[in-house]
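K.L.:
Spelled out from the first residue to the last, the chains are:
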Amino acid sequence: MLIPSRDNGFIHPNASDITPRAAYEGRRDLLKLMATGAAGAALAGWAGREALAQSASAGKLAALPGAKSTVAGAQTMEKLTDYKDASTYNNFYEFGTDKADPAKNAHTLVTKPWTVEVEGLVKKPGKYGIEDLIKLSAQEERIYRLRCVEGWSMVIPWVGYSLAELIKKVEPQGNAKYVEFVTLADPKTMPFVGSRVLSWPYAEGLRMDEAMHPLTLLAFGMYGEVLPNQNGAPVRLVVPWKYGFKSAKSIVKIRFVEKEPSTAWNKAAANEYGFYSNVNPTVDHPRWSQATERRIGDGSGLFAKRTKTLMFNGYEQQVGQLYAGMDLKKLY
Amino acid sequence: MKKLLLHKAAKPLLFLLCLLPFAWLVFGAFTNGLGANPAEYLIRATGDWTLRFICIVLAVTPLRTLTNTPQLARFRRMLGLFAYFYVVVHLLSYSWFDMGFEVGDIAKDIAKRPFILVGFSGFLLLTPLAATSFNRAIKALGAKRWQTLHKLVYVIAGLGLLHFFWMRAGKNNFAEVFVYAAIIAVLLGWRLWRFVGQKRKNRQSATAGSRVQLSKP
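If you read the protein sequences in the order shown, they are chains R and Z. Residues 1 to 332 in this note's numbering are what the first sequence spells out, letter by letter. Residues 333 to 549 in this note's numbering are what the second sequence spells out, letter by letter.
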């Protein structure tokens with residue numbers, strides 16, 4: 001007789017008892033088939049939603065594993081956004097203003113070779129090939145909430161390292177107070193560069209202490225793979241406590257400056273998009289409320305209720321002190 | 333062609349055709365086919381179809397006159413009612429999927445986003461038109477008054493366009509708005525041009541008549 005004990009964790013079933021991966025995935029395929037199959041198979045559709053939502057990565061791009069991050073706040077336990085949704089619902093105006101445009105158009109982006117130039121007020125300026133930049137520090141997986149200024153949000157497992165690692169290497173000078181991020185603007189590969197919506201290249205910026213914060217991520221991948229083009233390949237910024245547009249995509253220049261740099265959306269509409277753009281449910285966008293958000297791709301679909309937006313997107317504990325004493329209604 | 337338009341299956345067939353976009357959306361909603369943000373997709377698609385049906389219904393009279401096909405007139409009311417059907421679904425989708433039927437939230441949202449007020453006014457104005465689309469209403473109102481009331485559709489088309497324009501203004505993305513604006517401008521412009529032409533003709537025949545009278549004594 002088998003007496004269960006504390007060591008039971010080490011009693012493994014026979015290999016033959018384990019459901020082979022192919023078999024359980026096959027069952028999911030069946031569900032998916034039911035979901036996409038005959039018209040009127042409405043119930044199967046709802047069942048299939050769940051199945052689809054659990055297949056995280058697309059498995060199409062090169063793997064980029066990251067060790068579990070130990071940075072405080074970098075491991076939210078919320079349900080991940082389906083990879084398909086995270087890679088087909090994007091704001092990347094260089095490839096079109098519709099959410100579906102980047103996934104359709106970004107295949108033209110050339111990410112190899114790619115150079116990131118570090119310049120301005122640093123002791124060690126230089127040009128980094130993307131291969132060297134990836135190896136500059138150990139890759140970590142960080143699961144962040146992403147809140148778009150438009151009122152929707154996702155939960156995405158990024159792969160990258162703290163921007164601070166790069167900043168320490170290039171040794172900023174004492175008068176470097178801000179970091180400016182300039183992104184690619186190549187009209188040959190980016191069909192909407194030149195459209196009147198924004199001024200190109202798209203530029204963003206952070207105050208030095210924001211840039212040095214461990215949560216500020218220089219990301220090279222998501223869902224265990226390199227970034228898809230439409231999500232800002234080959235290297236982007238992710239600043240989880242700020243509205244998504246602060247996290248510049250496809251970065252080609254990182255510049256250290258003394259004065260607050262001008263940023264793309266601020267130039268387009270200064271009364272709507274401030275330099276800080278911290279997620280803040282108490283400061284509305286002039287044209288809509290920021291109190292709630294719609295979570296995208298968590299499987300609950302059409303009938304999901306909007307959820308309350310959290311101060312600093314839920315990262316108040318980690319970043320609140322950066323803004324102590326600042327009037328966030330004025331410096332939005 | 334004209335015989336086909338008078339065929340007794342023509343109306344039911346058109347009815348089904350007009351229902352097709354709705355059926356497609358319902359199917360998509362139940363099969364996860366509306367993309368990452370199904371609520372947004374539904375709201376936008378039903379808005380698009382409202383605008384499209386307004387264009388279609390406004391095109392009936394010019395088409396009927398220019399091609400000399402009076403048979404087309406029998407479809408006009410149904411097309412107009414479909415515009416109303418889609419705007420009702422549009423409004424319901426917004427109230428339900430975006431606002432969870434919270435009246436307070438909707439009121440706040442309208443105050444925050446004036447383009448919603450414009451759209452809502454369009455819906456309010458369209459309601460009496462839909463409510464008077466049966467024969468007895470026409471009789472009760474009298475054809476003349478009924479026609480005057482239904483001229484409101486010109487204002488409604490303008491409000492719908494403004495609603496769409498304002499919504500797209502956030503992204504400076506007006507390409508699609510201009511397409512609808514151009515179509516509506518042509519359809520309303522044609523009416524204006526005919527109206528002015530008619531007036532001139534009336535004035536000419538009036539002066540011609542007075543000349544005849546003058547020559548009499």
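One or more hints might be untrue.
To be verified - Okay, derived cross-link-like pairs now, DSSO-like style, lysine-lysine, Cα gap no bigger than 30 Å in a straight line: (1) R/267 to Z/335; (2) R/84 to Z/440; (3) R/259 to Z/503; (4) R/308 to Z/440; (5) Z/334 to R/308.
Please keep in mind that the hints were generated in silico from the structure rather than gathered at the bench.
K.L.:
Would you mind marking each hint as holding or not holding in the structure?
P.N.:
Each hint, compared with the structure:
With a CA separation close to 61 Å, the supplied pair residue 267 of chain R and residue 335 of chain Z exceeds the 30 Å bound. Restraint check for residue 84 of chain R and residue 440 of chain Z: the C-alpha separation of about 33 Å exceeds 30 Å, so the hint is violated. Distance restraint check for residue 259 of chain R and residue 503 of chain Z: the Cα-Cα separation of roughly 28 Å lies within the 30 Å cut-off, and the hinted pair is therefore satisfied. About 16 Å separates the Cα atoms of residue 308 of chain R and residue 440 of chain Z, which keeps this hinted pair within 30 Å; it holds.
Our distance criterion of 30 Å between C-alpha atoms is broken by residue 334 of chain Z and residue 308 of chain R, whose separation comes to about 58 Å.
Violated hints, in rising order: 1, 2, 5; the structure is consistent with all others.
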